[in-house]
Amino acid sequence: MQCRSLALALMALAFAHQADAQQQRSTHFGVKATLMMPGQAYVEEVDGFFDIDMSIGVGGFVDTRLGEKMLGGAYLDLLSAHAYDESALLVDAGIALKADLGGAKGGPRWRPGFGLGYGSLSDVGGIGATHYLTLRAGVEMLLPSQWLAEVSIHGAPTGGNQDVTVSYGPMVMLRFGRVF
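Residue numbering for the sequence shown follows my numbering, starting at 1153 and increasing by one per position.
No lab work stands behind these hints: they were computed from the structure. A quick note: this is a predicted structure, and the numbers were derived from the prediction, not measured. We treat Cβ as the ideally placed atom computed from N, Cα and C, and that holds for glycine. You may find that some hints are simply not true.
Below, in silico cross-link-like pairs of lysine to any residue (SDA-like), each with a Cα-Cα straight-line distance of 25 Å or less [unchecked claim]: (1) Lys1221 <-> Ser1297; (2) Lys1221 <-> Ala1289; (3) Lys1221 <-> Ala1281; (4) Lys1257 <-> Ile1305; (5) Lys1257 <-> Gly1329; (6) Lys1257 <-> Ser1178; (7) Lys1257 <-> Gly1211; (8) Lys1221 <-> Glu1197; (9) Lys1221 <-> Val1195; (10) Lys1221 <-> Gly1312; (11) Lys1221 <-> Gly1311; (12) Lys1221 <-> Pro1190; (13) Lys1221 <-> Ser1272.
Label pairs and their calculated CB-CB ranges [as the list claims (entries may be wrong)]: (14) Pro1309 <-> Val1183: 19 to 29 Å; (15) Phe1181 <-> Gly1219: 35 to 45 Å; (16) Gly1219 <-> Asp1199: 38 to 48 Å; (17) His1283 <-> Glu1220: 33 to 43 Å.
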C-alpha cells in the first residue's frame, strides 16, 4: 500500500513538473505593423550618403520560452523602403533573443532584446537587388491584453551586391502588434 501511494505521488510530481516545463517553454506567434523613421544609406563606391524616407511595413514573429526570463525566436518583416520618389521591398528575416521582465500584478511585460538577420532589397534606382546583414535592438512592451508596442533601432552595417557596397542606419522603428 505504501509503495503504491509513493508511486502515485511520484507520478503526480512528474506530471506536474512536465506540465510546468511545457508552460515555461510555450510558443507564441505575433504580428506587427511597422513605421520606420527616416535615415540614411551609405554607398561606398560613390562615398556618399543618401536619404531614406519614412517607410511602412508588416511583420510576423514566433517566440519560444528558453528559460524563466528568456525568449528566443524568429522574425520575418516586409518593409516598403522609400527614397527619392522610388520604392523597393525590403525582406528581412532573422533570429532574436529577448529577456522577459515585469508582468507582476497585471502590469505590462518588458521584453528588451536584439536580433540578427538577413535582408534583401529589390531593385531600386538602377541598382540591382542588394543583400544585407541586419541588426536590431530595442524593447517591447506587452500588455496583459496581448497587444504590444515596440521601439527599436535597426540597421545594416554591411551589404550590397557585386557592383556596390551599401550600409544603412541606424534607423528608429516604431511597431505595434498583437501576440497570439
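Tested hints:
1. Lys1221 <-> Ser1297: Satisfied, since the Cα-Cα distance of roughly 20 Å is no more than 25 Å.
2. Lys1221 <-> Ala1289: Roughly 17 Å between the alpha carbons, so the hint for Lys1221 and Ala1289 holds.
3. Lys1221 <-> Ala1281: 39 Å, violated
4. Lys1257 <-> Ile1305: With a Cα-Cα distance of about 30 Å, the restraint between Lys1257 and Ile1305 is violated, given a limit of 25 Å.
5. Lys1257 <-> Gly1329: 22 Å, holds
6. Lys1257 <-> Ser1178: 21 Å, holds
7. Lys1257 <-> Gly1211: Distance of about 30 Å is beyond 25 Å: violated.
8. Lys1221 <-> Glu1197: 45 Å, violated
9. Lys1221 <-> Val1195: 40 Å, violated
10. Lys1221 <-> Gly1312: Violated, at about 37 Å.
11. Lys1221 <-> Gly1311: 33 Å, violated
12. Lys1221 <-> Pro1190: Between Lys1221 and Pro1190 the Cα gap is close to 33 Å, so the pair fails against 25 Å, i.e. violated.
13. Lys1221 <-> Ser1272: 32 Å, violated
14. Pro1309 <-> Val1183: 19 to 29 Å: 27 Å, holds
15. Phe1181 <-> Gly1219: 35 to 45 Å: 20 Å, violated
16. Gly1219 <-> Asp1199: 38 to 48 Å: For Gly1219 and Asp1199 the Cβ distance comes to about 46 Å; the hint holds.
17. His1283 <-> Glu1220: 33 to 43 Å: The hint (33 to 43 Å, Cβ to Cβ) holds, given that His1283 and Glu1220 are roughly 37 Å apart.
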